[in-house]
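As you go down the protein sequences, you meet chains A and B in turn. For the first sequence, counting from 1, position 266 maps to 266 in my numbering; every step adds exactly one. For the second sequence, counting from 1, position 103 maps to 103 in my numbering; every step adds exactly one.
FYI, nobody ran anything at the bench for these hints, they're computed from the structure. Please note: incorrect hints may appear among the correct ones.
Said to hold, decoys possible - If you anchor each label on the Cβ, the simulated ranges turn out as follows:
1) I174(A) with Q283(B): 44 to 50 Å
2) V36(B) with R101(A): 51 to 57 Å
3) R128(B) with D209(A): 31 to 37 Å
Every residue gets a Cβ at the ideal spot worked out from N, C-alpha and C, and that includes glycine.
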Amino acid sequence: MSSVKLRGVRKAYGAHEVIKGVDLDVPSKQFVVFVGPSGCGKSTLLRMIAGLEHITAGDLEIGGERMNDVDPSKRGIAMVFQTYALYPHMTVRENMGFALRFAGVAKDQIARQVGDAARVLALEPLLDRYPKQLSGGQRQRVAIGRAIVRNPQVFLFDEPLSNLDAELRVHMRIEIARLHKELQTTIIYVTHDQVEAMTLADTIVVLRDGIIEQVGSPLDLYDDPANQFVAGFIGSPKMNFLAGTIVEKAANGVTVELTNHKGTRLTLPVSGGAMGEAVALGVRAEHFGEPGAGDSDISLRVDVAEHLGSTSYVYANAGGEALVIEREESRHEIGVDQISVSIAAAQAYLFDSAGKRIR
Amino acid sequence: MTATPMTTTDAGAAASAQAGTRRSGNPFAMLRRALVYVLLSIAAFVSVFPFFWMIVGTTNTSADIIRGKASFGSAFFDNAATFFTQVDALRVFWNSAVIAIVGTVLTLAISSLAGYSFEMFRSKVRERIFALLLLLLSIPFAALMVPLFVMFAQAKLVNTYVAVILPTVASIFIIFYFRQATKAFPSELRDAAKIDGLKEWQIFLYVYLPVMRSTYAAATIIIFMANWNNYLWPLIVLQTAENKTITLIVSALTSAYTPDYGMILFGTVLATLPTLIIFFLLQRRFVEGMLGAVK
Numbered sequence: 001m002s003s004v005k006l007r008g009v010r011k012a013y014g015a016h017e018v019i020k021g022v023d024l025d026v027p028s029k030q031f032v033v034f035v036g037p038s039g040c041g042k043s044t045l046l047r048m049i050a051g052l053e054h055i056t057a058g059d060l061e062i063g064g065e066r067m068n069d070v071d072p073s074k075r076g077i078a079m080v081f082q083t084y085a086l087y088p089h090m091t092v093r094e095n096m097g098f099a100l101r102f103a104g105v106a107k108d109q110i111a112r113q114v115g116d117a118a119r120v121l122a123l124e125p126l127l128d129r130y131p132k133q134l135s136g137g138q139r140q141r142v143a144i145g146r147a148i149v150r151n152p153q154v155f156l157f158d159e160p161l162s163n164l165d166a167e168l169r170v171h172m173r174i175e176i177a178r179l180h181k182e183l184q185t186t187i188i189y190v191t192h193d194q195v196e197a198m199t200l201a202d203t204i205v206v207l208r209d210g211i212i213e214q215v216g217s218p219l220d221l222y223d224d225p226a227n228q229f230v231a232g233f234i235g236s237p238k239m240n241f242l243a244g245t246i247v248e249k250a251a252n253g254v255t256v257e258l259t260n261h262k263g264t265r266l267t268l269p270v271s272g273g274a275m276g277e278a279v280a281l282g283v284r285a286e287h288f289g290e291p292g293a294g295d296s297d298i299s300l301r302v303d304v305a306e307h308l309g310s311t312s313y314v315y316a317n318a319g320g321e322a323l324v325i326e327r328e329e330s331r332h333e334i335g336v337d338q339i340s341v342s343i344a345a346a347q348a349y350l351f352d353s354a355g356k357r358i359r
Numbered sequence: 001m002t003a004t005p006m007t008t009t010d011a012g013a014a015a016s017a018q019a020g021t022r023r024s025g026n027p028f029a030m031l032r033r034a035l036v037y038v039l040l041s042i043a044a045f046v047s048v049f050p051f052f053w054m055i056v057g058t059t060n061t062s063a064d065i066i067r068g069k070a071s072f073g074s075a076f077f078d079n080a081a082t083f084f085t086q087v088d089a090l091r092v093f094w095n096s097a098v099i100a101i102v103g104t105v106l107t108l109a110i111s112s113l114a115g116y117s118f119e120m121f122r123s124k125v126r127e128r129i130f131a132l133l134l135l136l137l138s139i140p141f142a143a144l145m146v147p148l149f150v151m152f153a154q155a156k157l158v159n160t161y162v163a164v165i166l167p168t169v170a171s172i173f174i175i176f177y178f179r180q181a182t183k184a185f186p187s188e189l190r191d192a193a194k195i196d197g198l199k200e201w202q203i204f205l206y207v208y209l210p211v212m213r214s215t216y217a218a219a220t221i222i223i224f225m226a227n228w229n230n231y232l233w234p235l236i237v238l239q240t241a242e243n244k245t246i247t248l249i250v251s252a253l254t255s256a257y258t259p260d261y262g263m264i265l266f267g268t269v270l271a272t273l274p275t276l277i278i279f280f281l282l283q284r285r286f287v288e289g290m291l292g293a294v295k
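Produce the entire structure from the sequences given, and follow the hints as far as they go.
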């Protein structure tokens, strides 16, 4: 299996630059997920690695070899598309063996490789069916099988689960994770669904507007986001942001007064920031505590509560600032107009007006 | 408050009552509906009657046809015998078939390649060239006939199949049709094929062509009919009897001093048969193709 290296990679359509200099190392056998909002360039970057988009500037290496101008079929990659991209006029067997047929592989060898891949994915009963006779999940499994048959150094997945319903998506997510464990291949996976990213990835690459915002393990990104964008993007429900101002700087930290909760102050153990600077205080939904349990309490007006069984989410606001609060212990008490919660300074994050983390 | 669930019978009764109201609704709606049916019936009659008249005519004598006899007669075999005596049918059908089949295959190949390329390959001048092509559609064939003839005469191709086929193979309408149809061709299939190691021509041959077979079927009917029925240009460039097509021959038969209409209609039925056969063979795909179905 192979590593993938990107060095100063750029992509422009005329004067419009969509990938603005990406440097990235994907170690061998790693499951790397590109995540970001629509239009951030994650699919374009994947297509550049696949050879489906020309690289305007920079270098791409797969397995230590420069691949910028190498034909897609000779890069040692296989790709699974969002829309499956199965050839509709071919059976599952023909779809899976198509690349090998064009590579001049002997018929019995093709049959063996297709059989092996079909066994791994439990596709054997479907081999003589046409794609239109398969369900969405089966089609996606065939698309994965077609990729496996090629025995690639790197698997590329372009939002492979987006067209599936919620239940099937969870099932296929587990299938893909199992497959990675079994095949031990390098996988680059694109998604806009951060739950997929968190559950599948060894490493997550968060992209925005053609640049990498942060690279790290799912929990690193969750626990230690580099900026407000990553903090807001990773985690579900997304992190809450409360507007505030730095009112005091001392040796033990920085004190912030919350704009929409007059008189509420919180001292965070950070050293950055300047007096009077406008900041955003980030608090995850599950980090709001019972009143009095944290360092400061705030009072909010409840808009709506969602009860999911083990957990409830309270959608509340104060001064137009919408917040989501997770409740596990006292979820039966939700339903009142007002709710008081506490914030613990040790579990809060501080971001400057440019969105950069204040540490 | 209790609610009684509606049974199937209730639902059926309600539906038929609703339909009844619709049927016996206001008199203006009924009148409008009747008018529509009358107009549709007239249109159907106008479309079908010539075919009926043509088929009935093959069984009647010329005198009966002139008299307007609209029932089947007994002169079918006489008309057939006269036609085959006067016309070298095998030769004429051969000429028409070669021109129509070769013309159809070449037009499909060239125009579908052009349509595919126009849609698949990005270029700064692509839309301008395409707009220019569409503009060329507005030039009437009458304006092109003389320069075309001079060109073929200089190339010493007059009175050959090539002269009939060549001007039709790059059909702007068919290029436009294929370009529009290609918009529905999933670009991921092309990407997948590239990753599978196919060159562009292989993608066209092994992926695009089978996926777009409905479009090809619809185009085949359109092109074959146009080539088979082509009259004006073959009339100009095909100058000797042994190269003439069925449309030219049937037309020539009408110009006799006393035309034998029974025999002419027999020839017309024969001339219509190939297009009918092609249409019925590809009918299902034709409908899919016209709807732009990519399955």
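Verification of the hints:
1. I174(A) with Q283(B): 44 to 50 Å: Since the Cβ atoms of I174(A) and Q283(B) sit about 47 Å apart, the hinted range of 44 to 50 Å holds.
2. V36(B) with R101(A): 51 to 57 Å: Between V36(B) and R101(A), where Cβ atoms are some 56 Å apart, the hint holds.
3. R128(B) with D209(A): 31 to 37 Å: holds (32 Å)
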